[in-house]
Amino acid sequence: MVSLSYLGKRLGLMVVSLYAVITILFFLFRILPGDPTSRVVSPRFSAEQQEQLMAQYGLDEPLHTQYILYMRNFAVGDLGQSFQHGEPVLPFILDRTINTLILTVPAILIAFILGPFIGALFAWHRNGRLDNYGTAIALTTYAAPIFWTGMIALMIFSFTLNILPSGGMRPAGDVPGTAVDRVFSLVTWQHAILPIVIFALWRISRPILITRNTMIDVLGDDFIQLKKAEGTPESTIRYRHAMRNSLLPVVHYGALAIGYAFGGSVILETVFSWPGLGRTMWDAVQAHDYPVVQGAFFLMSFMVILFNFIADIVSSWLDPRVKDEGVVE
Amino acid sequence: MNLLEERLTKNQRIVLETYKERAQWAGRRFLSNRMAAIALVIVLGTLFMAIFAPFLAPYEPEANVVSDQGQYSILEPPSSDHLMGTNHHSQDILSQWIYGSRVSLLVAFLSGLAVMLIGTTVGLVSGYYKGTVDLVLMRVVDVLYAIPAIPLLLVVSLLFGSSVWNVIIAMVLILWRTMARVVRSQTLSLSERPFVKAAKASGASDLRIMYVHIAPNLLPIILIEGVFVMGSAILLEAGISFLGLGTTEMISWGVMLQLTYTSGAITHAWWWVLPPGLSITALVVAFFYMSRGIEEITNPELQHR
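In order, the protein sequences belong to chains A and B.
Residue 255 in the numbering used here sits at position 255 of the first sequence, and the numbers go up by one each step.
Residue 209 in the numbering used here sits at position 209 of the second sequence, and the numbers go up by one each step.
The set of hints was computed from the structure by calculation and includes no laboratory data.
Quantities reported herein were computed from a predicted structural model and do not represent experimental measurements.
Some hints here could point you the wrong way.
What the hints assert, rightly or not - Below, in silico cross-link-like pairs of lysine to any residue (SDA-like), each with a Cα-Cα straight-line distance of 20 Å or less: (1) A:Lys228 <-> A:Leu164; (2) B:Lys130 <-> B:Ile118; (3) A:Lys9 <-> B:Val164; (4) A:Lys227 <-> B:Gly264; (5) A:Lys9 <-> B:Val140; (6) B:Lys130 <-> A:Leu13; (7) A:Lys9 <-> B:Leu144; (8) A:Lys9 <-> B:Leu137; (9) A:Lys9 <-> B:Ala23; (10) A:Lys228 <-> B:Leu144; (11) A:Lys9 <-> B:Ile118; (12) A:Lys9 <-> B:Thr132.
Looking at chain A on its own, in the form it has when it is part of the complex:
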């Protein structure tokens, strides 16, 4: 059971964090150097449009009024209008987020389902050859820059062997369909294979190492010795008893990983030209499309905050001893 006071405290922290992030964005995009209006209204818009937007976002008002208006706009989901195509930012970036989920959800599922089994195997053979080399390889997959492994994958599978597409989400010239069309399209998944594998490979080191280290502690517990004495088969002890009792930190970190995946998608999607949230942010930076950059940053930050919250609540629900530990990265 999750205690109500804990839930309330965590909710409070979430609100404070969101408030702080929006305030930081206000400072960065409205107050710091340069003409703040140029950050909100594109010089390319017509004079009429510019005036209307100036009034809508209160740009001719004093700063504290602007700040209140800014907060109110965020609260109702009005994140401004894109400089590149004049559309509202939020629906646009939410649509791109669906593309990001096509990559990150399968990748994180693969990493956090396979990872614990590999980690359990390492822990069982700790300090053996498998464990030593395996741990080193796991650390290496984490340390290898994801854009570099992505480039090598492209070089091998797209340019040399010619068996997988070299980026993007669909062949050039195809019109993007609705979100549902995109998710249920074979072509999409064909394009998604490489980025998913590369992202999963990068993410898998944490669940492996966390399971390994927790399980080494669990393996020293009395109940494992008891199971051994009872003559329970080794694989049953390893997976049913020891691994299951080591999963709590993995579940916690898994939830955090989903939150951090949105920010991490910038590099992944740039390498694979994948039209997701990360690539959209990068494009917007190139085009000096301030409202989209700001909106994408906010959404990525929001995901981190949300999944930090979910991670803590799930952990404390699975194990009531977890309390007041705050977020552990």
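Chain A is already provided as a structure; the job is to place chain B on it using the hints.
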């Protein structure tokens, strides 16, 4: 024995000797860990390369090399003239790679040191004074955990321009969060210990207690986290440079990889793609293993793992 040591009292000399012995013991333990020793060699080797780059690099990193036949050597695979081949501007890749080590190490050491300084100070203050100060500082840390690193670096480069300094400043601004938490929780328990109470009773100032009495006990964990941060900083710099928004004033391994990508050379120029990526990976793994090596000295239980 130098002049300073002669002036010390007998007691102080004994303390100094103990510290020396402990440091030597720690050094031996560190080097007896094979992975940590290899990691140290990699980091020192890279440092050597970075310092003596002008003497080691066969060509100027930015020079467009012309072959004996008077032609530009564009995208040539490795040969005896160019051990790592050439790039699309007929520049020598080996020379660029040697110079590129400078950015990685600069970023690693500067961010690492700044994080150690800021994180330790915040952690000490928070854990020592407790109460409202602690509450406020820890909420700031909580908020920092909500800020994703690469997007922040993107925003900073958009608003303030891309340079290696902006990259370092932006990274340090968020990376001290873990250090602050770790130092705080240790300080909380240390400040209840008798030696701190004794120092307080004998009238030591808060600053002295924090930095002279408590901090030295935290040195191992500060180093463990600090060295780990150095590895992460290298990865972040490489990432933002790959996006074309990082270091603009110097050639870095991340910038090299960005050029292979944007010039379209990744279709075949393996000699250009492999070296920078391999060296980033090796250096980051080296920092991680050094961090682990320090952890194993301070927590011998880990060695049996």
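Structure-based check of all given hints:
Simply put, Lys228 of chain A and Leu164 of chain A have alpha-carbon atoms about 48 Å apart, too far for the 20 Å limit, and the pair is violated. Among the hinted pairs, Lys130 of chain B with Ile118 of chain B is consistent with the structure: their alpha-carbon atoms are about 18 Å apart, no more than 20 Å. The straight-line distance between the Cα atoms of Lys9 of chain A and Val164 of chain B is roughly 39 Å, outside the 20 Å bound, and the hint therefore fails. Restraint check: the Cα-Cα separation between Lys227 of chain A and Gly264 of chain B comes to about 58 Å, which exceeds 20 Å; the hinted pair is violated.
Distance restraint check for Lys9 of chain A and Val140 of chain B: the Cα-Cα separation of roughly 16 Å lies within the 20 Å cut-off, and the hinted pair is therefore satisfied. The straight-line distance between the Cα atoms of Lys130 of chain B and Leu13 of chain A is roughly 19 Å, inside the 20 Å bound, and the hint therefore holds. At roughly 18 Å between alpha-carbon atoms, Lys9 of chain A and Leu144 of chain B fall within 20 Å of each other, so this suggested pair holds. The hinted pair formed by Lys9 of chain A and Leu137 of chain B meets the criterion: a straight-line CA distance of about 17 Å does not exceed 20 Å.
The straight-line distance between the Cα atoms of Lys9 of chain A and Ala23 of chain B is roughly 44 Å, outside the 20 Å bound, and the hint therefore fails. Between the alpha carbons of Lys228 of chain A and Leu144 of chain B the distance comes to roughly 46 Å, so the proposed pair goes past 20 Å and is violated. Note on Lys9 of chain A and Ile118 of chain B: the hinted pairing is violated, with a Cα-Cα distance of about 27 Å set against a maximum of 20 Å. Distance restraint check for Lys9 of chain A and Thr132 of chain B: the Cα-Cα separation of roughly 17 Å lies within the 20 Å cut-off, and the hinted pair is therefore satisfied.
In this structure, the hints that do not hold are numbers 1, 3, 4, 9, 10 and 11, in rising order.
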